Every structure is written in structure tokens, then in C-alpha cells.
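Student: Read off the chains here:
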Amino acid sequence: DQQVKQNSPSLSVQEGRISILNCDYTNSMFDYFLWYKKYPAEGPTFLISISSIKDKNEDGRFTVFLNKSAKHLSLHIVPSQPGDSAVYFCAASDSRSSNTGKLIFGQGTTLQVKP
Amino acid sequence: NAGVMQNPRHLVRRRGQEARLRCSPMKGHSHVYWYRQLPEEGLKFMVYLQKENIIDESGMPKERFSAEFPKEGPSILRIQQVVRGDSAAYFCASSPPASGITGELFFGEGSRLTVL
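Those protein sequences? They're chains A and B, same order as listed. Residues in the first sequence are numbered from 1 upward in steps of one, following the working numbering. Residues in the second sequence are numbered from 116 upward in steps of one, following the working numbering.
Pulled out of the complex, with its shape left as it was, chain B reads as follows (with noise of 0.2 Å):
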């Protein structure tokens, strides 16, 4: 199955430790997309990346939150010094070079935090 792979599906973090969550794109995909769903709301988009480059970070918080798409390897959202606020399911998404203007996404599972 060459889908989106997101890891770890679940993970429970005391306040103020870090959490690390990973993406895998589809074969073939280049650009990789964070979302965020709060508990009873739509998806919120956070960063586009391709390979080494952060695109669009337009919608990740100011502090604490960080993501790279290195040459080698997954995506990795980082979340420092976690708060309550921060428990959601967090959607990665990928997308191929050319995918036009449809904009049509390719999404993981999620990774669902915790925040204890």
C-alpha cells in the first residue's frame, strides 16, 4: 500500500514535553501538507513543504511549532513544550508535482495527541 503513512497514530504527552510526528508521502509525491482538527472542527491547514523547503507556514502557530520535509526521509511536525490546547488530530497530506489547480489531497490516517 503506497498511501500517506503518519506515525505514531496516537501519542500522549505530558505538558511540557515535546512531540514529534511523522509523515511518509505517497510514492512519487513531492509536496507534503500539515492539518490540524480541533475536536468538533474542520481541518485547519498549517504548512505546505516540498523536499527541503517550507512553502507555506502561513498557518502554524508562532512559537513552539516547527516542520521539516528533509531530502532523505519523513516529514516531522515538532510541537516543543506541549499544552492542553494542542491535544488534536493532526492530518498530513501529499500531493504529486503536478497536480494542477485541483488542489485534491492525499490524506494519512492521523496522528491523534494527547495532551495530559
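So that you can see chain A by itself, here it is in the shape it has in the complex (with noise of 0.2 Å):
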């Protein structure tokens, strides 16, 4: 039963261009949404999060937009450095939980951004 769902395996865009990365859940409890960007043979790195309470959450280049009605989330990430390129996971939990860190995570998806 996956909960959390990147269907996208990889993305490729160009340096400069906008990256949209899409994830879907299904449990209706998350109420905390966080993306994690990984580098090959490297641990995920905290990257941007949003709490089901907003719709969008902006840090620099990265924003974050929440449809809770489509059970949808994305990352868009502009304009797309060559530096960006790394697997990328959408994580999901449920805040009320007395464990905060059971994160569930979705497959990743591979983003590559030619210079």
C-alpha cells in the first residue's frame, strides 16, 4: 500500500527552466508534507516543508504548493542549476502522531538539469 506516489521515475529539463516535481498521497491524516533532496551514496538533505494548513510555502528558489482536496503536492524549483540535479523524495506524516519522524516516503523521482 503506498501512501505516498512519485510517478514520475525522472525528470530532464534545461538549466534556467523551471522543475516541477509531483507527488500524490492517499491517507487523509498527513497534515505535514517535506521534500528531501539526495545525492548519490549521500543521505537525504531536508529541503523545503508545508504544513497542511497553507497551500504554498517559498524558500528561495523552491516552492512548495499543497492541493489537500486533490491529495496532491509539487516542487517547483526556478530557475534549475545544474547543482539541482539529484533524486528528490516527497514525505509525508501525521503531525497528531506520537512519533513525528515516521516519515512516509514516496519512490523519488531523478532530476537531471543539462547545463
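Some hints here could point you the wrong way.
Unchecked claim - Taking lysine to any residue and the SDA-like style, the derived pairs with C-alpha atoms no more than 25 Å apart in a straight line are: (1) A:5 to B:159; (2) A:37 to B:118; (3) A:37 to B:229; (4) B:177 to B:229; (5) A:37 to B:142; (6) B:177 to B:191; (7) B:142 to A:41; (8) B:177 to A:99; (9) B:159 to A:87; (10) B:159 to A:49; (11) B:159 to A:96; (12) A:5 to B:173.
In short, the hints are calculated from the structure, not lab data. Values in this document were obtained by computation on a predicted structure and should not be read as measured data.
Hey, can you piece these two chains together into the complex? The hints should help.
Tutor: Written as C-alpha cells, this is what we have:
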């Protein structure tokens, strides 16, 4: 039962253009969503998050949008840079749980930004 | 560098042997989590520990796997009688005591277990 899904295994964009990574979830109890970035042979690093009380959160070149009715979120990177090339994981949690570190991860999307 | 430290980075075991993976959380962090990433998959939660306590082990396989976080020393993930299906990257993460609702975790670089 895949509660968090990233249906695009890979995405390729040109440097300077916008990258849009998508994520869908099924569990309506999720109320906190995070994006992690992972380079090969390294651990995931936190990128940006959003609470379900918001529909948008922006941090520099990174913006996350949340559509609760569609149970869908997306990460926008603009402008994309070659250093953004990595695997991006969407994750979700239920903040009312006693274990807020129990994140449910999607399968990941490999982003390649071409110079 | 006070990041999450995991060792060994790479571990090769033959079927039936034991694997021990160690994790030292970030300074000031008292919550430790173990995740597993199988090839071509996302990370899957295994266990959540605080010092001397297992808080949530709902993601741990029922047999052969155990975890501890003693009062002194690193957290240990132990896999007994390893099988080929245990080959994966095992990531440890930590968070401070009052991480609130954010759930933001700080991950180590992972330990890659290969079972021959």
C-alpha cells in the first residue's frame, strides 16, 4: 500500500527553466509534507516543507504547493541549476502521531538539469 | 562536523552472518530513527528510539532485526542470520527532543549492506 506516490521516476530539464516534481498521497491523516534531496552515496537532506494549513511555501528558488482536495503536492524549482541534479523524495507525516519522525516516503524522482 | 555519523559505510556479509550497523546522532539530538532503502524504492521507516527506549518499532521485521540506543554510545541496528533480501542502504536519522510537528529529520550518509 503506497501511501505516497511519485509517479515520475525521472525528469530532465534545461538549466534556467522550471522543474516541477509531483507527489500524490492517499492518507487524509497526513498533515505535514516534506521534500528531501539526495545525492548518490549520501543521505537525504531536508529541502522544504509545508503544513496542511497552507497551500504554498516558498524558500528562495524552491516553492512547494499543496492541493488538499486533490491530495497532491508539487515542488517547483526555478530557475533550475545543474547542481539541483539529484533524487527528490516527497515525504508525509501525521503531526498528531506520537512519532512525528515516522515519515512516509515516495519512491523518488531523479532530476537531471542539463547545462 | 557534528552531523549524524554512521559506520560502517559499506558492509559485506555472507548469508547467515550477523550485521551490526552503528549510528551516532547529531549533538544534542536524543531521538534516533532507522530507515531502509531497497534498490529502486523510497526510504521505509523501521524503528524510532530514544535513549534506552524503543518508542515505535512498527516498521521492523518481526524476526532477525533488533535495535537499541543505550544510555552511552551509539544506536545499533542488528540483523541476525542475514539473507540476500536484507541487501539495502540503511539510513539513520536524528532529531532534537523538541522537534514539534515538523518531523524534520537529519540523516546520516547511510550504511550499505551487501549480502552475498
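Student: Now tell me, hint by hint, if it's right for this structure.
Tutor: Checked hints:
Between residue 5 of chain A and residue 159 of chain B, the direct Cα distance comes to roughly 13 Å. Compliance with the 25 Å bound is thereby established for this hinted pair. With a CA separation close to 16 Å, the supplied pair residue 37 of chain A and residue 118 of chain B stays within the 25 Å bound. Simply put, residue 37 of chain A and residue 229 of chain B have alpha-carbon atoms about 24 Å apart, close enough for the 25 Å limit, and the pair holds. Our distance criterion of 25 Å between C-alpha atoms is met by residue 177 of chain B and residue 229 of chain B, whose separation comes to about 21 Å.
For the given pair, residue 37 of chain A sits about 22 Å from residue 142 of chain B by alpha-carbon distance, which is consistent with the 25 Å threshold. For the hint pairing residue 177 of chain B with residue 191 of chain B, the CA-to-CA distance comes to about 17 Å; that is within 25 Å, so the pair holds. Annotation: proposed proximity of residue 142 of chain B to residue 41 of chain A holds, straight-line Cα distance about 23 Å (limit 25 Å). For the hint pairing residue 177 of chain B with residue 99 of chain A, the CA-to-CA distance comes to about 20 Å; that is within 25 Å, so the pair holds.
For the proposed pair residue 159 of chain B and residue 87 of chain A, the alpha carbon gap of about 16 Å is at most 25 Å, so the pair holds. With a CA separation close to 19 Å, the supplied pair residue 159 of chain B and residue 49 of chain A stays within the 25 Å bound. Note on residue 159 of chain B and residue 96 of chain A: the hinted pairing holds, with a Cα-Cα distance of about 20 Å set against a maximum of 25 Å. Restraint check for residue 5 of chain A and residue 173 of chain B: the C-alpha separation of about 21 Å stays at or below 25 Å, so the hint holds.
In the structure shown, no violation is registered for any of the earlier numbered hints.
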